[in-house]
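Student: Read off the chains here:
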Amino acid sequence: MSKKAVVSILALVVLLALGDAPAAWAQKGPIRIGVITAMTGGAAQIGKDMTNGIAMWLDENGGTIAGRKVEVIVEDSQGQPNIALTKLQKLVESDRVHVLVGEIFAHIGYAMAPKVDEYRIPMLYPVIASDDLTQRKPAKWVVRTGWASSQPNHPFGEYVAKTLGYKRVATIAIDYSFGWEQVGGFQKTFEENGGQIVQKLWAPLNTTDFAPYLSQVKRDADAVFALMVSISASRFPKQYQDAGLKARLPLIGGGTTFDEFVLPSLGDEAIGGMSPLIYSAALDTPVNKKFVTEYRKRYGKVPSYFSETCYTSTRWIAEAARAIGGDVESREKFLEALRKVEIPDAPRGPIKLDSYGNPVQNIYVRKVERKGGELWNTVVHTFPSVSQFWKYKPEEFLKQPVYDRNFPACKHC
Amino acid sequence: MRLPPGASRIAIASALLVLLVAPPMVSSFLLALLTQAVIYAVLAMSLDLILGYIGLSSLGHAAYLGIGAYSVGILATRHGASFWITLTVGVVLATAVAGIFGLVALRATGVYFLMITLALGMVVWGLAHRWVTLTQGDNGISGVPRPNLGLPWSFSRGIPFYYLALVGFFLALFVLRRVVTSPFGQTLVGIRESESRMRTLGYHVWLHKYLGCVIAGGIGGFAGVLWAYYNGFVSPSDLELATSVEILLMVALGGRGTLIGPALGAVLIVGLKNLVSVYTHRWLLILGGVYIGTIVYAPEGIVGAIRQWTKESAP
Chain A
0 MSKKAVVSIL ALVVLLALGD APAAWAQKGP IRIGVITAMT GGAAQIGKDM TNGIAMWLDE
60 NGGTIAGRKV EVIVEDSQGQ PNIALTKLQK LVESDRVHVL VGEIFAHIGY AMAPKVDEYR
120 IPMLYPVIAS DDLTQRKPAK WVVRTGWASS QPNHPFGEYV AKTLGYKRVA TIAIDYSFGW
180 EQVGGFQKTF EENGGQIVQK LWAPLNTTDF APYLSQVKRD ADAVFALMVS ISASRFPKQY
240 QDAGLKARLP LIGGGTTFDE FVLPSLGDEA IGGMSPLIYS AALDTPVNKK FVTEYRKRYG
300 KVPSYFSETC YTSTRWIAEA ARAIGGDVES REKFLEALRK VEIPDAPRGP IKLDSYGNPV
360 QNIYVRKVER KGGELWNTVV HTFPSVSQFW KYKPEEFLKQ PVYDRNFPAC KHC
Chain B
0 MRLPPGASRI AIASALLVLL VAPPMVSSFL LALLTQAVIY AVLAMSLDLI LGYIGLSSLG
60 HAAYLGIGAY SVGILATRHG ASFWITLTVG VVLATAVAGI FGLVALRATG VYFLMITLAL
120 GMVVWGLAHR WVTLTQGDNG ISGVPRPNLG LPWSFSRGIP FYYLALVGFF LALFVLRRVV
180 TSPFGQTLVG IRESESRMRT LGYHVWLHKY LGCVIAGGIG GFAGVLWAYY NGFVSPSDLE
240 LATSVEILLM VALGGRGTLI GPALGAVLIV GLKNLVSVYT HRWLLILGGV YIGTIVYAPE
300 GIVGAIRQWT KESAP
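Chains as they are written, first to last, in numbering that gives the first Met the number 0: chain A, 0 to 412; chain B, 0 to 314.
In case anyone wonders, no lab produced these hints; they're calculated from the structure. Warning: the hint list may mix true and false statements.
To be verified - Covered stretches of chain B (in silico footprint by chain A; criterion: 3 or more residues with CB under 8 angstroms from a CB of chain A, positions within the stretch not fixed):
(1) 39–49
(2) 61–71
(3) 279–288
What the hints assert, rightly or not - A short list of chain B residues far from chain A (calculated; beta carbon distances all over 12 angstroms):
(4) VAL20
(5) SER81
(6) ALA118
(7) THR132
(8) ASP137
(9) VAL166
(10) VAL233
(11) THR242
(12) LEU274
Claimed, not checked - One side of the interface only, derived from the structure: several residues of chain B facing chain A at Cβ under 10 angstroms:
(13) VAL131
(14) ASP237
(15) ALA241
Built from N, CA and C at the ideal position, the CB exists for glycine as well.
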């Protein structure tokens, strides 16, 4: 081989090597998003709402993020922590996903968080609301894009005491940490603004017959605060009315008591019910109206907050990926970008993360009304940019224990 | 009743050999499933002692899994306890609770035994759910570290932990086989077949049944210890009625009174739940089909059916 030939081959190799560099990230293939949620079992409908939200955003945006195709792999957790952990492992190790989204239940969130940290892979929690995930036990790689349980109830406690003017409120809630944290948040601000919680009743998870609890409700209260979820939420208002309480004591509650997920299964008995949440499908903004219309066209129902948070989470991933030029393989950089995302115009309103990793967002006080033959959560008041710590200093707030069954104590019971 | 030597023994031996040599070659997802299956196999075999050898159906076996698992969860995260301490506490505590539950439940047989064990199982679930200061309620205890046995390799990796679970499995299999082939175990079979005859023959029927239940509880607790270390997490969902039912189905599917059958049932059900659900959300239909098929075509379970078949085709 002549010297010239060797030189030209070397030059060619160098050229190829150089030429390869810019082409590399175009060849990286799709961005893979792993979704873990319950697709079978009692929470399957929630899982469906969640995957609908993700699919809809991608579809509206051409199925690409930062110029790369997107592949979504949905795994069924069956609502069980050990299955969720196995599927997490499958998504990370076999499917090599770049980012994870998912889950509904707090205990599964707590089970997955250490594993997510171990794998060093970013995971978005659009639904799990357990306070301590962004308060006393934060995980580095978990980004919450939903809300903290007590977050809507802090402003609501103040609203009920000051604006609605109720002085004595009895609570009835589902007996697990989601319920304790909502009642706790409400009680703290309600009592600090001059209200009194005069009774706290707890019903087990999945209770459908509330007669034993309703007969105990103190009739001299001004209102009843109820925190219901899923099947209990669809039964409670009717029984509340049948017990003759609706006419005497106004019903208020946590967001899930009257959210869009249960409204279709409720009737006139729910009208007038007031609750706070990060979202209402009746929110009167152009972005949300478009979102609701489009969602209805595709799936034939009104979006729940599960759909909205997952829709927004997908956009969240896209914003972060765009900020780093689509280089989602650099996980540290990707995580940092995810934490910096600010969305000024999500269907639920403007969102950004606080330094503890929980969204700062609007809280809507909503009232169930009938419009056009359907039940809607009309927004009656908006608290803008509410943090999970409300008006308290985070360091001060974190000194108190996490809300539970007996904290804050019931001083006026 | 004895197996024809040959075919089935070779099948069992080769299956165990596969468990021993396959793991380094399979994907990490499959390895995770194998690890779960091996741990659940311990649990199913321990229930088989009650269901297959004493002849009583229990719907409270998840309680022992839970007691073992919570012993690890609480001691390892809050007190930094070593593997040997959590193992001892888990097994001893589960045995002790089985001792108490046995006193209550063994006053009845048949469907009444079923109902009492169900109630006792729910009591333990209720404690896990409501004794928040100890168990952290329904949020569960997360961040349980993988055990450190002072050995040169780390159990935080999949393969070493699998072999740890496999050692546990062989240990449980060995102990249970010793129990069921001993005169004590043969007496249990006698009681299962005819309680009144055994009583007439002068055996202390109640004591035999009681000890059987206590041993089963202890081994169930052992499975719980492994389970907590494997998941790194314990919550009341491990103790739910659904878990007890699942263990019962593993035993019924594989073949009660065979020990190796329930182990096979555990492998099948863990596989169906995790693998089939990757491909279809209708996996419950398939699982249901398997159960119905078993009841119709193999009421004695898979291993029972194979035994029947080899006996018939043997000369």
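Student: Run through the hints listed earlier and report the numbers of any the structure violates, in increasing order.
Tutor: Violated hints: 1, 2, 7, 8, 10, 11, 12; rest satisfied.
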